Amino acid sequence: MTAGEEVLAVKGLNVSYGESKVLFDVDLRVRPNQVVACVGRNGAGKTTLLKSIAGLLKPLAGSIMSGQINLVGRKSYEIAKMGFKYVPQDKKVFSDLTVRENLELGSYATRDYNWDRVTDYFPKLKLLMDRKAGYLSGGERQMLMIGRALLGSPKVLLIDEPTEGLAPSIVSHLKHIFGELSKNAALVLVEQNLPLVCAISDKVYAIKEGRIVAELADRNSIKADVCERYL
Amino acid sequence: MMKAFQWWWGLLLAFSLLALSRVFLPLPFVIEVVIFSIYTMGCSFLLGRVGFISFGQPAYLAVGAYATASYLFYFGTNPYIGILLGVLAGLTISFIVGPLFVRLRSDYFAMVNLALAVIVFYLTQKVLAGITHGDNGLWFLTTIASTPVLDLSRPSDFFIFAFMVALAVWAFYKYLDDSVYGACCLATKINEDKFKFLGYSNFNIRLLAFVIANTTTALAGAMYAVYLGFVSPEISSPSRAADPVIVTILGGAGTLYGPIFGAFAYTGMKDVISKLIGNWELLIGFFLVLIMLAGEKGIWGTLQPWLEKRLFRKAPALKTTDTSTDGRGARR
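Chains as they are written, first to last, in the working numbering: chain B, 69 to 299; chain U, 792 to 1123.
Just chain U, with the same shape it has in the complex:
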């Protein structure tokens, strides 16, 4: 029981803070933090678990957003179906480009993803302007239908929905982290040659991680589309390509709760500082340098040992070394 609580206390803490922030902070800010943390989760998984840094996340975000937007603009009004289509679009594009991209070394992987973001940006801005309306974007806020139980056209209901989706995504990544597949991802990052000797294909492990991460990103894109009721090429702008990477590193790459802390800190800094001064990006840049110099493990990576030490000071006495060697009890 104690062990199960220790597993989940960080998640409970993070989500309690997020729910509490709804009371004290403006709703749009909290919603943006929730969606941004979903957006960052995939990037964090790729970087922290598989060792791939991706500057192409805006491309997958845009694919999810535009698939949802196209449905809601041209074909239907149900936002849930729109989000589902956004996720499917992310899944599809990941399966198409994944086999090509995951063969590459990490540095080339980063660059080729950035190139994809540029391609998607120009496709949505110019080449497919007949469909996407170019820089004017697709506007469909008023066409989103009211839905029973949770009406996603209402921001307060959307917050609850986004909160539940985020919780489900985090629970899924927690499951991945604790599964043998999570260990496989880490093993391919640590030493891909030795991993092969165990009988694994690095390609298959990486492809699955790529698909999972980018489908998560597309989900965030679909949620942005429904929340804003508007999508423009700006969503895939290569100038925003570093955002999820920054938030990942800021929160703590590969940590489960890092994305939520990173998203909270980054969005908060952006919102607060941009109200005070004009060239806010410059100041945020300096802040980021300072934060990373202070703790290269990011916010959560730095906080976690400190919190564990204080919250579970007596925990070691309760811990026993599990010497069970029955592999049948192992995670599968």
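Isolated chain B, as found in the complex:
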């Protein structure tokens, strides 16, 4: 991959759930260290887009390229190993495992045992190492999931609705964290929190009924009132 080349390029993506088509000719481009947000109403197809990139759904047509490599048809664990880490929306961690064991799973898969980076971003996790993940609050779970995804220095973090249901103080913390994370990886966020989107995004895709209806690539144009039209 040469400098300036997209770390992720989705082209003409069509995805369906059985007979029901959800995404129509979606194009999306992400450069290294870019924060890209996808906004849209519930059911617009944002999560489907992330799941397709993560390899959980098989597209009907289109390509998902990382450099010269097409991710379509690859298994989700292979895609994760290639540096595309998906943090799903539902905040379901491995509840019977402790925080330490959850992080160990991330370390073992990537052979990255340096947890200092994770605990630098989320110091609270240090105090929760021996607690079962099932007993964490929503915010702590989100920290754990993002922290675990950071192991192995991913190329792209695909984060689905990270602030949903979280307290404003935690959202503010995550906003700062996402800014820091983008120094080392590209972020693709599905998010409905427009102040957050406007504060950190380099590019915004508005999705409506499975189609990209707007692409705001200029930071000056990424404003809450502009994005709000698509919600």
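It is worth saying that the hints were derived from the structure and are not from the lab. Check before you lean on any hint, since a few could be wrong.
[Stated by the list, open to error] Under the rule of at most 27 Å between Cα atoms (straight-line distance), these lysine-lysine pairs were calculated in the DSS-like manner:
#, chain 1, residue 1, chain 2, residue 2
1, B, Lys79, B, Lys200
2, B, Lys143, B, Lys160
3, B, Lys119, B, Lys251
4, U, Lys1100, U, Lys1088
5, U, Lys1061, B, Lys160
6, U, Lys1088, B, Lys200
7, U, Lys965, B, Lys200
8, B, Lys291, B, Lys243
9, U, Lys1100, B, Lys200
10, B, Lys192, B, Lys79
11, U, Lys965, U, Lys1100
12, B, Lys126, B, Lys291
Given the structure is predicted, the values throughout are model-derived calculations rather than measurements.
Knowing the structure of chain B, use the given hints to seat chain U on it.
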């Protein structure tokens, strides 16, 4: 030091009780408990850690038993070599059927394993009767050679051997439980989709668990063969398919010490009650229902918190929260 002791106290307790039981209880009973607990260990691991219920364990038990029996009947006399061949046979069959079976959902997995048990039963009873001698079975008790140090043809020596093998198997499963692989097994059981996002193949994790569990079962089969000096198709009878599952649940699925408590309770009930009444299975059925209604975590799952509370009442004061975040110190 305290922590290490807490890790192993259950194992020490279980094995001390087992060793002690040798003094008070008949030797055949204790040997059966030891072998049955090895038999159940694999089933407990599959059910408790990976979430797979298997009604096909008699098939793997029979593969181990018949491999050992065939060697001792047709080719040699050394029981150690026989047991080794039984384990290798279990390993081989697990690698052959594992890739097909572990792709299935848990309910289909249970059924396809039961089907395998039926196939093995009819193979040993009818199709391969020329080799297995059908219902007459293979009888080789008198051909087992005496071996130095531990003479497995003597029940008292066999007990020591079985005891050491069981200890090694339990130590191995304890190691697995505490390893990252153990956490991987639990993670694939809890949420297989999210596990994939971390870069793991559910298939590989499950296949390894399947091979480990069924090789353990084959080891138990090989030990049954040497101990009894006789193997018949009855060992793979589908009517006994639920036995290891019952013992697993009775002892506490996925718990390390559950199989030994389950095997002890089940074998004990069977032995005691069958001497008193004819239709003993019926009464055992009622007992099992009562025990499971009383504590769905099984015997060990119910006892463990109670014992910990009493034996380690002061332990929390000694505990410190380890806030070490150096992943290099993590289990690998």
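Which hint numbers does the structure go against, in order from smallest to largest? As far as the earlier hints go, 1, 5, 10 and 12 are violated by this structure, in ascending order.
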